[in-house]
Structures are given as C-alpha cells and as structure tokens.
Amino acid sequence: MTRYIIRRLAWMVLVLFGVAVVTFIIAFLVPGDPARLYAGSNASPASVAIIHHQLGLDRPVYVQFVDYMWRVLHLDFGYSYRYSAPVLPAILQRFPATAELAVAGVFVEVIVGLPIGILAATRPGSIWDRITMIFTFVTLAAPPFWLGLIFLYVFGAVIPIFPLGGYGNGAPQYLFLPALTLGLGGAGYYARLLRAVLLDILPKDYIRTANAKGVTPGTVMFRHALPNALTVLITQLGMDLGYFLAGVVVIETVFAWPGIGKQAVDAIFNLDIPLVMGTVLFGALLIVAANVAVDIAYTFIDPRVRY
Amino acid sequence: MPDGIIKAVDGVSFDLYPGESLGIVGESGSGKSVTALSLLRLVPHPGRIVSGEVLFRNQDLLQMTDQEIREIRGRDIAMIFQDPQSSLNPVLRTGFQVDEAMRAHGKSKADARARTIELLTKVRIPAAESRVKDYPHQLSGGMRQRAMIAMGLANAPSILLADEPTTALDVTVQAQILELLADLNRELGTAIVMITHNMGVVAGLCSRVMVMYAGQIVEEGPVEQIFENPQHPYTWSLLKSIPRVDALRHERLRSIQGMAPDLADPPAGCRFHPRCPFRIEECFTKEPKLLDVAPNQRAACWVTMDRARREMGADTLIDIHPGAGSGVRPGEEI
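Protein chains in written order, with my numbering: chain A, 1 to 307; chain B, 1 to 334.
In case anyone wonders, no lab produced these hints; they're calculated from the structure. Don't take each hint at face value.
A few chain B residues that face chain A, going by a derived Cβ cut-off under 8 angstroms, partial list only [as the list claims (entries may be wrong)]:
| # | residue |
| --- | --- |
| 1 | R73 |
| 2 | D83 |
| 3 | S86 |
| 4 | P90 |
| 5 | M151 |
Glycine residues also receive a C-beta, built at the ideal position from the N, C-alpha and C atoms.
Whenever a hint applies, use it, and build me the whole structure from the sequences.
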C-alpha cells in the first residue's frame, strides 16, 4: 500500500509538472504586455519598458521557464501584477470561500440526487421514474449561469427571501442559492448515475439472497445495494469536489462569491498572468489530490481492492 | 425478439412432506428454479405468479402480505443458491451475512454472532471464529457454499430450497456438500428440495424426485423406482445419457436430440413430442396429464416406457432420434 501511495504521489508530481508547462506556454502566448497593466494606462512607453525589464519579461523564454519552475517548487508562485502581492497567499486567502461553496455544492448534489436515483431505480418504468428523468434532463441541460440568474431573480428579487449575491460574512442565507445552483446540475447527473448503477445491482444474486433471508427492502437497499454502488459514486464525487475546489468560476461570478474562481476571472481580464497561472496550478493540485484520495478511499469501500 | 408471454412454470403442482428430500430435475429452462423461487415469491421482475397457491401450514403464501412473507423467508423456508461467489455480497463480511439471517428475524447481534460461529463449525468450516471476519472473496468455493448453507439453516427452517448448490463447485467438493446436506437432513429433520440437472445428485441425496420439462412436471415418484423404471421417455432418455464408466470405449455418448422448446410458443400436444423417440399421433395434438403409472409414481405420457418396451423395442434401439421407436416422423400423417 505504501508503495502504491508513493507511486501515486510521483504521478501527481508529473502531472503538475505538465500543467505548469502548459500554463506557462499559454501565458506566454497571450497577447498583450503585462508590463502595461503594471505601469498603468497613463504610463509612457519608457516606463513600460523599464517595468518590462524589472519584471524579467525580456529574458529568453527558457530562462523565464526555468526560473518559474524553480520558484514554483519553492511554492513561490510569483507576484500578482495587479495587487503587487505574492500570488499564493492571495489565493489561499480567497480559498476558504470556494471551499465552503464546493462542499455545500457536493452536499446538495448528494442530498437531492441520491434519493431521486434510488426512487427511480426501485420503480423502473413507473411515473416516478419518468418524472425523475425529466428532472435530471432539465437540471443537466440548464446552464449554471442561467439557473443562477433565475434563482437570483425569483428568490432574491421577486420573492426576496435570499440576498442578491455576495458573501455576507458567511451567513448561511448567502450560501444557499449559489450552493443550490452548483449542486442541482450535479444532482441530476448523480440521480441518473445512481439509477443506472442500482438497476445493474438490484437483479444481482446477492440481492436475491438478502431478500431470501427475509431482510426488509430498506435494509436491502442501504446495507446491500448502496455499498456496492459506492465505488462508482465516490469516484465521481471525489472528482467533483476536486473540480469545485479548483474554483467554480461561473457560479462565483454570477453570485459575486469571493472565491478563487472569481479571482481568476478578474485576473484574466487584467492580464494578471502570475495570478492566473497560480490559480491554475493550485486548482490542478487540488484535482490531482482528489483523484489520489479517491483511489485510496476505494480500498476502504471495496474489500476486494487492495494495492 | 418477438414479444410473448413465457410460461416458465405451467401447471406445476406437488406436495412436500416434513423431513422429506425431494429432487427437482430438469435441463436449463425447464422451470425448476422458477418453481422454487415462486414458493417464496422471489420471482424476479418482470416475471410474476399468475395463478395458484402455495400452502404452508394451512396458509397460502401467495396471499400473505409482504411483511408476512418476509417472516417466512429465511426462517421457516430458506433458500440457497447456485453460485456462492455471486450469491454473497462482496462488500460485506461473511459473518455479518450469516448473522443477518438471524437478525432479520429478531435475534440480537450477540446471539446471532454466537450462533453463526456454531453454524459455521457445524458446516465444517475450520477456524470459524476467524472466518467470520473474512469477506466472501477470501474463502474458497466450497467454504462459501458451506457458509450459504449455514445461512440457510440458521433459523432451523422446516424447508430448505437448494437451487443447484453444487453446480458451481469441483466434483470432490460437490460430494462433501451433498454429504453435509444429507447429514443435516437426517439430524435436523429439515425437508430439502434439491434442484439440479444432475441425476447423480438426486440419486445420492433424495428420496423422491420430480422431473420437469418445459415448465411442466413430466414424471414424479420415489427415486429408486424412477431410476430403475422410468416411465416417461424424457426421464428414460436422461438416464440413458449419463455416461458410464463401464461403457465400452467405442460407444458414443448419448444425448437427447433437439433443443428445449421456446416457452413463449411451446409445441402443441406433449411438449416433448418433437424430441421423443416413442411419440404417437396423440402426442402431437393432445397434452398428456400426470397419471399413475406405478405405485406412487406418475408420468405425463400417452405411451409410457412400458409400452415403448413392449411394442417398440425401446431397449434394443441403437439410433435414438425423434420418432425412432414409433416411426412417427414430423409431418407424417397417420
């Protein structure tokens, strides 16, 4: 098992290296001179040139690249052009808000999606099945920004139960709508996924054995069927959490949620390259870590899997 | 695939006496498993029981509420299945699964666990105390099946339905399991219904046997009698097709020509007639009923082997094919 973890960590490093290379290349190819931004719109070409040199942007590509990689390894993600502050601390400062939203989003996905999936699987072909499938279609197809705006309009303006976006110092009513928007789309997906997995599991022999013992349907579902569905679900959930943690840009933008996603969007518009690259790397780290965590979680869920 | 209703079990009726060991024999698709599953209302969707009754202790199981039938399952009538690898839940420990058979019927966790260890020992699983913590994939095939038997017997049921419990196992393990079942039948007085396609298993374990074909019972009676003097051509053919150690090397293996019928559209008359060596004209059009052919023995056949031997030289036939004895070939008018 230890060897497996070490192997996975090595893989993580490799992937992150790849991500770093790609982000660097993209950042390099983005048109526009960041020095301009740094200097301000009224600066003279001379000042821009000085700043250009100061930022080290006139050095050869490979030199910039090596310098960059070296610093990343030391967790120095550079300085934000816009804020004149180190990138990593800036990201870490906004990260808790994203984390809160991410966890809440996953929570909604599970709370809404799983019961629907179970309902649909235990009554295949019935009216319930149809209704739940329509629900999943709608939530899967609805773009998050549209859904978010509709929620804001209906529940923030027309019937003013919820605030119109923002963080509100962490008060729960501010989290509700963004989490709902984030989670509903995923809920539809989970409902379908669970339905499919359960429809595969329920006819199986060991379910028949459980029924033959006189076990109640509830216990059959929760003790026998769902644990077998868990590997599939956990994989997906883990990846989702990782993805959400990396910054759910659209939701954060619609709801003005002060997380790393919004920060990254702003950084892109500001051509704040170091901040963008920092967020990408940070996000990649989270996704990759979530991946590894899920794989390790397998060994606890499915006793047949051992590394 | 054309739509249609598949009558997996058509007009099956039988009695089971306390402590008896009844064998249900037939090929795949004969309806033997479905018959057993029907007794406990475990027929999988979209199948269902259309009509009939299952009388157990003067109550019709088919009329019971879901709650009532759940109480019967695993406690008064238990069922064990063919492939213990797939019939045991892979993510739950073996001990838990055996405990569950008892906990589902009111036993406490501690009592159930104590009894589980007793049962596993009784079914000859060594080191039962440490085995309870194992997952099914950590046990061998024979041990898994023994665990299933333990699960089935946990509440000392009156009837144990065993659906091909040895088919998925090695021959030597098969013998051990059958021996175990025989001992348990003797000691505990549990009636056993042994479903199998293997006549040898029936011969070793059962006192009575029911032969099924295409969803119907074609013959039933005491095991020795049936084996010595089968009256239905199907039973006779089955017995004839068992390879013999003392057969001469050049003798070919015998099989029954043709295939089991499509249950969505079974043959008219006797369902076996397309494959029967001794069919006569009735067989093509009229469905035979189960009638007494010997003391305690019944068969559903217009001809019966007695007549086939007397009039058609059944014992001396060399090339056994449909209509071989009677000379009635398909399409022939009589």
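Going through the hints against the structure:
A hinted interface residue such as R73 (chain B) counts as satisfied when its beta carbon comes closer than 8 angstroms to some beta carbon of chain A; here the least separation is about 4 angstroms, so the hint holds. At a threshold of 8 angstroms, the smallest CB-CB gap from D83 (chain B) to chain A is about 6 angstroms, leaving the interface hint in force. The interface hint given for S86 (chain B) is met, as the beta carbon of that residue sits about 4 angstroms from the closest beta carbon of chain A, less than 8 angstroms. For the restraint placing P90 (chain B) at the interface with chain A, the shortest Cβ-Cβ distance is roughly 6 angstroms, inside the 8 angstroms limit, so the hint holds.
The criterion of a C-beta within 8 angstroms of any C-beta in chain A is met by M151 (chain B), whose closest approach is roughly 7 angstroms, and the hint holds.
The structure fails none of the hints (numbered hints given earlier).
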